[in-house]
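Visitor: Residue-level listing of the chains:
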Amino acid sequence: MLGGLLAQFDSATGLDATLERTLDLIGVFFFAVSGGLVAVRKGFELVGVVALSLVTALGGGVVRDLLLGATPPTAFSDVLYLIVPLLAAAIVFVAHRPIDERLGRPVRVFDAAGLGLFAVTGAVKASAFEASAVGAVLIGVISAVGGGIIRDVLANDPPELFHPDSRLYAIPAAAGATVIVVAWRNDFYSGALAIGVAAAVFAIRIASLHFGWRAPKPITGRR
Amino acid sequence: MLGGLLAQFDSATGLDATLERTLDLIGVFFFAVSGGLVAVRKGFELVGVVALSLVTALGGGVVRDLLLGATPPTAFSDVLYLIVPLLAAAIVFVAHRPIDERLGRPVRVFDAAGLGLFAVTGAVKASAFEASAVGAVLIGVISAVGGGIIRDVLANDPPELFHPDSRLYAIPAAAGATVIVVAWRNDFYSGALAIGVAAAVFAIRIASLHFGWRAPKPITGRR
Amino acid sequence: MLGGLLAQFDSATGLDATLERTLDLIGVFFFAVSGGLVAVRKGFELVGVVALSLVTALGGGVVRDLLLGATPPTAFSDVLYLIVPLLAAAIVFVAHRPIDERLGRPVRVFDAAGLGLFAVTGAVKASAFEASAVGAVLIGVISAVGGGIIRDVLANDPPELFHPDSRLYAIPAAAGATVIVVAWRNDFYSGALAIGVAAAVFAIRIASLHFGWRAPKPITGRR
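Listed in order, the protein sequences are those of chains A, B and C. Numbering-wise, my numbering puts 114 at position 114 of the first sequence, and it's gapless, one number per residue. Numbering-wise, my numbering puts 150 at position 150 of the second sequence, and it's gapless, one number per residue. Numbering-wise, my numbering puts 183 at position 183 of the third sequence, and it's gapless, one number per residue.
Chain A extracted, bound-state conformation (with noise of 0.2 angstroms):
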């Protein structure tokens, strides 16, 4: 599916502006259908599913557009960013049964789309604006996981990302983010580049999910 999706921005090549909103919108889907997951799970109603979906798939780009001054945030002035994530809130709400058994863990397959897609797109707005280099990472890296860390803060869960025995999460999206931003500062960046970096991001994510990559712990821990 994203596969078929990600061809027709392809053959839309010029538009880039257009692209990268396609790409930040099919990033919202992805992440309202984690968020909206996550609450099913928790035993919340409608209005816990609707605002998991909703701060989860627009927290993360929020925080980057309040950070850029770009206000108000696309998610607030675009309505698009409300109906994408609002439609998944009502897919999740009435079909979460066969979304669950048809895929294996699709909380983490959705939430590793998301996270590839808004690290380019994230690091592309930041580049736009006055962000230094590093801030320009920094900021594609919180638009990435910045959704699902209010997500957990909200369902009152230890933030997934900090967890001892999680995965690679945070050090893909900053790879992604740091390959867009050199090549940004470089005149090489394209829309190409930016799906084939989602893209990556994504693999990474899941790869390392598959196999278990984890990041390093401190030297000397005591435990």
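Derived from the structure by calculation, the hints contain no laboratory data. Predicted model, so just to flag it, every value in this text is computed and none were measured. No residue lacks a Cβ here, since even glycine has one placed at the ideal position from N, Cα and C. Heads up, some of the hints might be wrong.
[To be verified] Which bits of chain B does chain A cover? Going by a derived footprint, with three or more residues having C-beta under 8 angstroms, they are: (1) 62–69; (2) 128–134; (3) 151–160; (4) 166–177; (5) 206–217.
Please arrange chains B and C on chain A, whose structure you already have, making use of the hints.
Guide: Chains B and C alone, transformed into the frame defined by chain A:
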């Protein structure tokens, strides 16, 4: 008390900016009392009472203003927005016992009053800025529920909003904000409508507490 | 060490902008070490250590800048604000054991140093913007305590600030910010005052830890 205060504003028609500011400050007072009472119940000391009062009272409005790019937020430029909740915190600090004894479940009553007032003033302010219609409704809801969510996160409680057995809270706020946004865009917004909608949201919230109304649960939920 | 570094700035009088930036960066370093040590104690891996270092060091200042409308926040435009905490995180990652062993309760000492420095630099920056006097004091306090609160929320701990048996923390920060705002508005603010107030806040915080000073509890509290 609410009725008496509101009657004053009604007589001050034509001064809409003042009306919304007054409604907003009344909401600030009610939310500050509600936040302070939560802090007292948790055994917090002075700083905790003041901090939860301020955060509950101002959190929703500050997030609203940040989203709209209206910086510094009213809470930091209009000194009454700090004096009112500090006064409320002082009252709670000294007299939380009679407040608790006079009113049955006072936190929820004060909270419901703040909910209705902030849903209205948030939707009005968002409508006056560049937000989309759906975005303006969402900003109204965020204004209304944001302070309570930040209060719960800081008190390390799961947000009350998402409890599976919580009563209607965000839904009346969303309904009220929708009425305001529709009225604004079709030029029949008025001060009387603002007060009426705030009162209706308050009434629905109190009724839902009394009659046990709940939001629907996800379809085919497993438990 | 603090004394030696501060002596350097004193000799650099006349360069106030540079002075505040330097004080700010020293605070960033101390808070980053404090956040990193919390992450190590919690058993977090690389991402957790880096994230808690960055968030503790930059969170208060980022919230301050968002409230003042100073976007992108210094942390994202001035690259030193990322290099310094990343360096601190690397030091903690490699050498947390000797740091822990040399200094008795090092997290709290580093944290107290950051508290004093950020209360001062936050109040100065807010005074230079449009905040009301009370608002500027509050922004100073938020700059000083915000990073620690975000650190505790992300680590899923109840904010240390609100513990019933916590020692004076926000109160010395508020006192220090008040002195700065009063001085600024009456034209007797100076670099020497800034350093003196930061040192006084640090000293009061350390003394309150040592002597067990606490904030008062609500009157007629039931327990």
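Visitor: All hints, please: hold or fail.
Guide: These are the hints, each one checked on the structure:
Against chain A, the segment 62–69 of chain B contributes 4 residues with a C-beta closer than 8 angstroms to a partner C-beta. That satisfies the three-residue criterion, and the hint holds. Coverage of the segment 128–134 of chain B by chain A holds [criterion: at least 3 residues with CB-CB distance below 8 angstroms; count 6]. For the segment 151–160 of chain B, the proposed coverage by chain A is satisfied: 5 residues have a C-beta within less than 8 angstroms of a C-beta in that chain, meeting the threshold of three. Evaluation of the coverage hint for the segment 166–177 of chain B: fulfilled, as 4 residues show C-beta separations to chain A shorter than 8 angstroms, against a requirement of three.
Restraint check on the segment 206–217 of chain B versus chain A: 4 residues with Cβ-Cβ distances below 8 angstroms, three needed, restraint holds.
Of the numbered hints given earlier, the model fails none.
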